[in-house]
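Novice: The chain contents come next:
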Amino acid sequence: MKVFVAGLNHKTADVDTREKFTFNGPRLEEGLIRFKELPDVQEAVILSTCNRVELYANVRDTAKASESIRTFLSQFHNINRGSLDNALYIYDDINAVRHIFRVASSLDSMVVGEPQILGQLKDAFELALRKKTTGILLNRLMKKAISVAKRVRTETRIAENAVSISFAAVELARKIFTDLPKKVSMLLGAGEMAELAARHLIGSGVKEIIIANRTYDRGCELAKEFNGKPVKFDEFIHELVRTDIVICSTGASNYVLMKSQMQKAMKERKQKPVFIIDISVPRNIDPEINDLDNVYLYNIDDLQGVVDANMFERQKEAEKAEKIIEEEIETFLKWQLSLDSVPTIIALREKAEEIKKQEIDRLLNKIPEIGEKEKKAIEYMAAAIINKLIHPPTVALKEDSEDKDTIIATIRRLYGIDGEKNENK
Amino acid sequence: MGVILFELALTFYFTATIVSIIELFKGSRITSKIILSSAGIGFAIHTACIIYRYVTAGHIPITNAHEATSFFSWCVVLIFFILQFRYRIILLSSFIMPIVFILMLSSSMLPREIKPLSPVLQSYWLGIHTVLAFLGNAAFAMAFGIGLMYLVQEHYVKSKHLGGLFERLPSLQTLDEINYRLITIGFPLLTLAIITGVLWAENAWGSYWNWDPREVWSLITWFIYAIVLHARLIAGWRGKKAALLSIIGFLTILIAFFGIKLLQKGLHVFL
Numbered sequence: 001m002k003v004f005v006a007g008l009n010h011k012t013a014d015v016d017t018r019e020k021f022t023f024n025g026p027r028l029e030e031g032l033i034r035f036k037e038l039p040d041v042q043e044a045v046i047l048s049t050c051n052r053v054e055l056y057a058n059v060r061d062t063a064k065a066s067e068s069i070r071t072f073l074s075q076f077h078n079i080n081r082g083s084l085d086n087a088l089y090i091y092d093d094i095n096a097v098r099h100i101f102r103v104a105s106s107l108d109s110m111v112v113g114e115p116q117i118l119g120q121l122k123d124a125f126e127l128a129l130r131k132k133t134t135g136i137l138l139n140r141l142m143k144k145a146i147s148v149a150k151r152v153r154t155e156t157r158i159a160e161n162a163v164s165i166s167f168a169a170v171e172l173a174r175k176i177f178t179d180l181p182k183k184v185s186m187l188l189g190a191g192e193m194a195e196l197a198a199r200h201l202i203g204s205g206v207k208e209i210i211i212a213n214r215t216y217d218r219g220c221e222l223a224k225e226f227n228g229k230p231v232k233f234d235e236f237i238h239e240l241v242r243t244d245i246v247i248c249s250t251g252a253s254n255y256v257l258m259k260s261q262m263q264k265a266m267k268e269r270k271q272k273p274v275f276i277i278d279i280s281v282p283r284n285i286d287p288e289i290n291d292l293d294n295v296y297l298y299n300i301d302d303l304q305g306v307v308d309a310n311m312f313e314r315q316k317e318a319e320k321a322e323k324i325i326e327e328e329i330e331t332f333l334k335w336q337l338s339l340d341s342v343p344t345i346i347a348l349r350e351k352a353e354e355i356k357k358q359e360i361d362r363l364l365n366k367i368p369e370i371g372e373k374e375k376k377a378i379e380y381m382a383a384a385i386i387n388k389l390i391h392p393p394t395v396a397l398k399e400d401s402e403d404k405d406t407i408i409a410t411i412r413r414l415y416g417i418d419g420e421k422n423e424n425k
Numbered sequence: 001m002g003v004i005l006f007e008l009a010l011t012f013y014f015t016a017t018i019v020s021i022i023e024l025f026k027g028s029r030i031t032s033k034i035i036l037s038s039a040g041i042g043f044a045i046h047t048a049c050i051i052y053r054y055v056t057a058g059h060i061p062i063t064n065a066h067e068a069t070s071f072f073s074w075c076v077v078l079i080f081f082i083l084q085f086r087y088r089i090i091l092l093s094s095f096i097m098p099i100v101f102i103l104m105l106s107s108s109m110l111p112r113e114i115k116p117l118s119p120v121l122q123s124y125w126l127g128i129h130t131v132l133a134f135l136g137n138a139a140f141a142m143a144f145g146i147g148l149m150y151l152v153q154e155h156y157v158k159s160k161h162l163g164g165l166f167e168r169l170p171s172l173q174t175l176d177e178i179n180y181r182l183i184t185i186g187f188p189l190l191t192l193a194i195i196t197g198v199l200w201a202e203n204a205w206g207s208y209w210n211w212d213p214r215e216v217w218s219l220i221t222w223f224i225y226a227i228v229l230h231a232r233l234i235a236g237w238r239g240k241k242a243a244l245l246s247i248i249g250f251l252t253i254l255i256a257f258f259g260i261k262l263l264q265k266g267l268h269v270f271l
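Chains as they are written, first to last, in the numbering used here: chain A, 1 to 425; chain B, 1 to 271.
Hints may contain errors.
[Said to hold, decoys possible] With the C-beta cut set under 8 Å, the calculated list includes, among others, these residues of chain A facing chain B:
no. : residue
1   : Leu172
2   : Ile176
3   : Thr178
4   : Leu292
5   : Tyr296
6   : Asp302
7   : Gln304
8   : Asp308
9   : Phe312
[Stated by the list, open to error] Below, a list of computed lysine-lysine pairs in the PhoX-like style, where the Cα atoms sit at most 25 Å apart:
no. : chain 1 : residue 1 : chain 2 : residue 2
10  : A       : Lys267    : B       : Lys241
11  : A       : Lys259    : B       : Lys33
12  : A       : Lys270    : B       : Lys240
Keep in mind that the hints were calculated from the coordinates and are not lab data.
Every residue, glycine too, gets a C-beta built ideally from N, C-alpha and C.
Okay, chain B solo, but in the shape it has when bound (with noise of 0.2 Å):
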């Protein structure tokens, strides 16, 4: 059952992704429906499938790398459809989708089986600091996917040619603004999943901080934005400034995410 609500919820998710490539070359009132119901389907069918997965195992599911990839795609899912809601910037899903879809591979090919929580899971904690570093994390997915699309909409105004996507893209004063409004949501998220990562690590280990890989690298990742959010503030970092820089702040996070599965070492071990 959580087996089929999962291909089904990728399938759908392909299906707008392969329309929202079609979309950024010859887009019509057809295909931005077409990425809206499939996305839509796609999204409650995964919806049906994270709930599953909970009743079943009877914890939150994000205890390894699949749920963990499956879950963020999610929270990205989630807030495309708040974005498209307040913005209706259809074009906006050529720059998500393909990476929700490519989360979704990734996690369909990570081991699915429910294996029974490690005594250091087992705490309220669990839900409270995931749900938060993965929410943050995705506002901070769909500012990358914003920055690039303030990037190519300047470039095109900079260099006075005015190419194909020039007449669908929104304004820059409305990317740039999108894009700092996501990361003043994701910075406090960041924040409390630290906060709550550090008390969580005191009441398991017996020690706040460890010098643990992700730990270190959620503090880079913090720095980053803080800068992010303070050059803006006092020095009037916007704009392409502010793009690239929401750019690189989420590489750095895809790093620490997909670098630390790699190297397979230190306390986070089970994400």
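Next comes chain A alone, as it looks inside the complex (with noise of 0.2 Å):
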């Protein structure tokens, strides 16, 4: 009984071989099936998402699980070997596990912290328990799994902070204004980037736009898009009174908003904030603005640095969450290792002897006047009791079967060995 894992991701293989791989739709279902039914797999959950495809099972023999792995993907996929072997990465024991945590706990993301994962980590493990493709092993696992996971998220800050440029923007935005429905943007110039800013905005409860293109046309499908105002790109100087927030990434080669005009502008809206994003290289809005009252002025390196400054954090925080897993791995390997056939028979047999002794002081305390001689014969009697009805479990404990993982549970599960808590509902 051991945790497996075979799968590739963003860092083993392009884009084009993870499209190759991967499992979607009715597609997903058929694999996970066929998947459980290889002969070395007893327990089986497929995780397929743009970034990474993996197989979890619950195998006996690594290197026969590896190989009937391996035959089945490229199979299913259609693919050839050479292409397969080199993408894909293998892991048992110990090592499974901590890449599954990893994996919930978005460490071995691309971007580190994003919080998809979890949720994709989620879909697997239902489509898996309405299959009915998991059993002890593997149940256990992804629910700690998503536990740990949780545990990072509350713990550590690893999702606190901003690592796309259009998301530190909208960030900064927040943290110079309180209600941006109620706030006024511009859009200046369209590129891409922009754009990307722009719906991030809206996403935030942004309703007014205004667009000013140089091409008044694409400024006028763009208003459309976003439900926004367009104005000559010649007037948006006027606009500036009650715009709040400005995107610019116009393909000018020089400045198209200057200081002086940008004083005016404050002047007439009384002072009130502007937050000016400027995306465009090279830049197209004065820099020195900046140096105004309550305008604040981000170029792309700016928001780049803020970026960086938060990849940092969270590498820190990654570090936290490393420890974190560390625990959690070796509290699952304790219960792992208490689901062998040895100590199952010591459970029982301690479990049967606690019993024996306690039905014997109770009976003795009730008839204390009883001799040596009755004594020992109700305590042999006792003994040969347990003796007997604990015979049948041990000696199927023993036994070398193909489903004594089953077998292990269900001796647990109906000796109440683990408790009253039963971990496998």
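Once you've looked at the hints, go ahead and assemble the two chains, each given alone in its own frame, into the complex.
Specialist: The following block contains the structure:
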């Protein structure tokens, strides 16, 4: 009984390769069922996202399982073994557990700390539960992975800071303004990045968008898409009076907004704060504008600086997360070890002895007058009863059978060895 | 009894202060809970302490420096909780609780005995005038704290180094709004305090205005905050300038309060 992982991700395979191995829609269910039916696989889960394809299993023999899984993958996706072997990583036991915990906690993600992966893992587990491809080991492991991920999220600040430029811009906007939905923003020029930032702003509630583009028609198009108001490019200065957030990315080779113009606009808007994001290269907005009171100008490098700082923060938090994961691996392995037959036999015997002792004590308390001989006889009988009762399960535990994991789990459950709480509901 | 209540309140404020400084470096749900609960318990005991003194003395307990600093701290904590309720800015405690604690500590070191009231003070004006003045000044103290927070946050955003507190400080707009609101509350209170003081002076000393140092400083403070409001409404002096002015305004109040106390001159000597 071993946890086993075979997979490929954004680090080992480029997008072309990942695409070929993706399990999506009905192919996922089909793949999962066929994966579970492999001779060396006892339990199975498939996690398939755009950045990774991973197969989790409970296997007996890593080498055999690894071979049959490779064959299965190349047949199922119709790909030659060579390109598969290059991209595939295989882990078992503690390394497999660690890998799954790290994936769930988003430490293995392309953007460390991104939150989607946990949901994707939950979906993968739910599908496996529906198709009944998991058992005692993977059920416990998946639940544990989900709780570890939650622990990492609450105990570290791994997912707190923005790590993309457009998101960093929105975060900044939130620290300048309180009520984004009431703010007016302006798109100056219509580069791809500017559009993305605008989308993020709309996502955080900004409603009113003014669009000033050199080609007025393109501006109108965008305005339609964003439900905004197009203005002629030359008129954008007049709109500054009521604009709180400016996103600028025109193709101009010089400054389109000078300090004196901004100063005038600030006076007219009674110094209400303005946040200007200049993502154009070369810059389109006079950098000296940042010296004006209540004007906050960020260019692409400034935003990148914020993102880098946040990335560094995340890296530090990731180290804390790794520690949490090591702790959790230990408790998981301890539990897994107890699932072996020898500790189960010992636990079973201890449980029986305990019952025997309790009952004899109780009896002797009730009839203290009986003699030594009778006492001996009673003890002998009790020992005989428990021995006979635990003999068949002990034999079953010692036998080498296909479904040994299930037998162990069943015996532990029937005899209440793990206490009242059962992990395999 | 009064002493025990006072020392207890001081102890709870001390705890809140220490934890609020920890909050500055490493905030968590636990630290904010400790701050709010210890400040809350401290405030409740402090309230009881003031009421007890009121009952024992038979008049409002703002007649000597000990009582004045204590009551002023009480007003500050009151406004802190009102703001907390409305805006939930736990970090404000890091800027305010240390001030409260220092005020309470200095109050604890001042003579506490209840002396019979001088005839001048035996008037219903005492309660009205002092409570108005203290609430107004407490609002300015809070504007001072908020102003500091604004400057810190503004520095982060302007310099593009989004340091440690950036995440947890509220937005510039929120801080600016609170600052403005506090001054619009403090200013009318101060105005009323000056008016009642003038009326009381006529009543007690026979002349409305005596150029007593406290009167002069109050007038200066009044002008500073009048400028803050005027500049904001007319010239759009908001944000950084408003924050700076509210800091200068409160420093003026502190000079007025402690400076005059040290000089021990003028008609307001009893306070």
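Novice: Hint by hint, note whether the structure agrees.
Specialist: Here is how each hint holds up against the structure:
Annotation: interface hint on leucine 172(A) holds; nearest CB of chain B at approximately 7 Å, less than 8 Å. With its C-beta approaching chain B no nearer than about 5 Å, isoleucine 176(A) sits inside the 8 Å limit, and its interface hint holds. Interface restraint check: threonine 178(A) against chain B, minimum CB-CB distance 4 Å, threshold 8 Å, status holds. Interface restraint check: leucine 292(A) against chain B, minimum CB-CB distance 10 Å, threshold 8 Å, status violated.
The restraint placing tyrosine 296(A) at the interface with chain B holds, with a minimum CB-CB distance near 5 Å, inside the 8 Å limit. Annotation: aspartate 302(A) was flagged as interfacial toward chain B, and the flag holds, the nearest CB pair being 5 Å apart, inside 8 Å. A distance limit of 8 Å between C-beta atoms decides the matter here; for glutamine 304(A) the minimum to chain B is near 11 Å, and the interface restraint is violated. Restraint check, aspartate 308(A) versus chain B: the minimum CB separation of about 11 Å is more than 8 Å; hint violated.
With a cut of 8 Å, the hint placing phenylalanine 312(A) at the interface with chain B is violated, because the nearest CB-to-CB distance is about 12 Å. Among the hinted pairs, lysine 267(A) with lysine 241(B) is consistent with the structure: their alpha-carbon atoms are about 15 Å apart, no more than 25 Å. Our distance criterion of 25 Å between C-alpha atoms is broken by lysine 259(A) and lysine 33(B), whose separation comes to about 47 Å. A hinted pair counts as satisfied when its Cα atoms are at most 25 Å apart, and lysine 270(A) with lysine 240(B) qualifies at roughly 14 Å.
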